[in-house]
Amino acid sequence: MSRVAIQSADFDLSHEIAALREGDVGVGAIASFVGTVRDRNDGARISEMELEHYPGMTESAIEAMIDAAMQRFQIRAVRVVHRIGRLLPGEQIVLVAVTSAHRGQAFQACEFLMDYLKTQAPFWKKETTPAGARWVDARVADDEALRRWGIVAPNA
Amino acid sequence: MKIQVRYFASLREALGASEAVEAPAGTTLGSLRELLLARGGRHAEVLGRGRAVRCALNQVMSDESALLADGTEVAFFPPVTGG
Chain L
1 MSRVAIQSAD FDLSHEIAAL REGDVGVGAI ASFVGTVRDR NDGARISEME LEHYPGMTES
61 AIEAMIDAAM QRFQIRAVRV VHRIGRLLPG EQIVLVAVTS AHRGQAFQAC EFLMDYLKTQ
121 APFWKKETTP AGARWVDARV ADDEALRRWG IVAPNA
Chain V
1 MKIQVRYFAS LREALGASEA VEAPAGTTLG SLRELLLARG GRHAEVLGRG RAVRCALNQV
61 MSDESALLAD GTEVAFFPPV TGG
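First to last, the protein sequences are chains L and V.
Taking my numbering, the leading residue of the first sequence gets 1, the next gets one more, and so forth.
Taking my numbering, the leading residue of the second sequence gets 1, the next gets one more, and so forth.
Hints listed in this document are in silico derivations from the structure and should not be mistaken for laboratory results.
Heads up, a few of these hints could be off.
Computed far set for chain V versus chain L, every beta-carbon distance over 10 Å [to be verified]: (1) R12; (2) E19; (3) G41.
If we take Cβ atoms under 7 Å as the criterion, some of the chain V residues that face chain L in the derived model are [stated by the list, open to error]: (4) A9; (5) A44; (6) V80.
Over the 10 Å line for every Cβ pair with chain V, so calculated as not near, a few chain L residues [unchecked claim]: (7) L117; (8) T119; (9) Q120; (10) P122; (11) T128; (12) N155.
Beta carbons: idealized from backbone N, C-alpha and C, even for Gly.
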């Protein structure tokens with residue numbers, strides 16, 4: 001299974017984790033994060049969201065983040081799935097799943113990868129509100145989250 | 001030299017998905033941005049120094065000091081908002 005998938009289709013957490021840990025009985029911990037579309041943002045009701053990305057760069061940027069996570073943490077396997085295109089409130093957007101021997105490294109690597117992805121992977125969200133469509137602004141808090149890992153790469 | 005410039009998100013809406021740009025040797029990402037915004041109009045509006053614009057060189061996030069070569073793929077886009 002490839003480590004990265006950029007797709008318009010939904011994903012199934014159980015299926016993804018089963019595939020990730022298959023045949024590896026050295027795994028003692030699996031941590032995962034699933035991001036979903038909220039129905040409100042910055043005080044406005046969101047009826048839908050459109051996700052744009054930079055084909056080619058998106059995949060290579062996330063592959064590089066996974067390489068960095070594999071070097072930094074004692075983890076065994078990683079899977080990242082990110083959806084693109086039109087999404088509705090309640091739908092899943094992103095999955096990061098990590099396997100390791102013990103929980104600490106899996107939890108940390110999962111958070112590291114999400115912090116990295118939020119600020120360094122070329123995706124852009126456009127949300128539809130009652131007042132019309134608008135591009136979502138990047139958050140300084142996401143840059144600060146990445147800085148906790150000693151990585152200074154300002155986005156917002 | 002010829003540079004392929006791509007735009008994404010709000011910059012794509014304003015400038016189109018891509019354009020080929022002729023630039024002199026020694027051009028950096030930053031000086032290419034200057035060259036484009038000197039055209040005025042929408043280029044000046046969305047690439048202006050007051051705007052948060054990030055850039056990539058051959059599909060890797062880069063800062064504006066990066067030197068371009070003939071055939072380089074450059075991209076300009078707003079701060080990323082995935083996840």
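Hints the structure fails to honour: Per hint list: 1, 5, 7, 8, 9, 10 and 12 violated.
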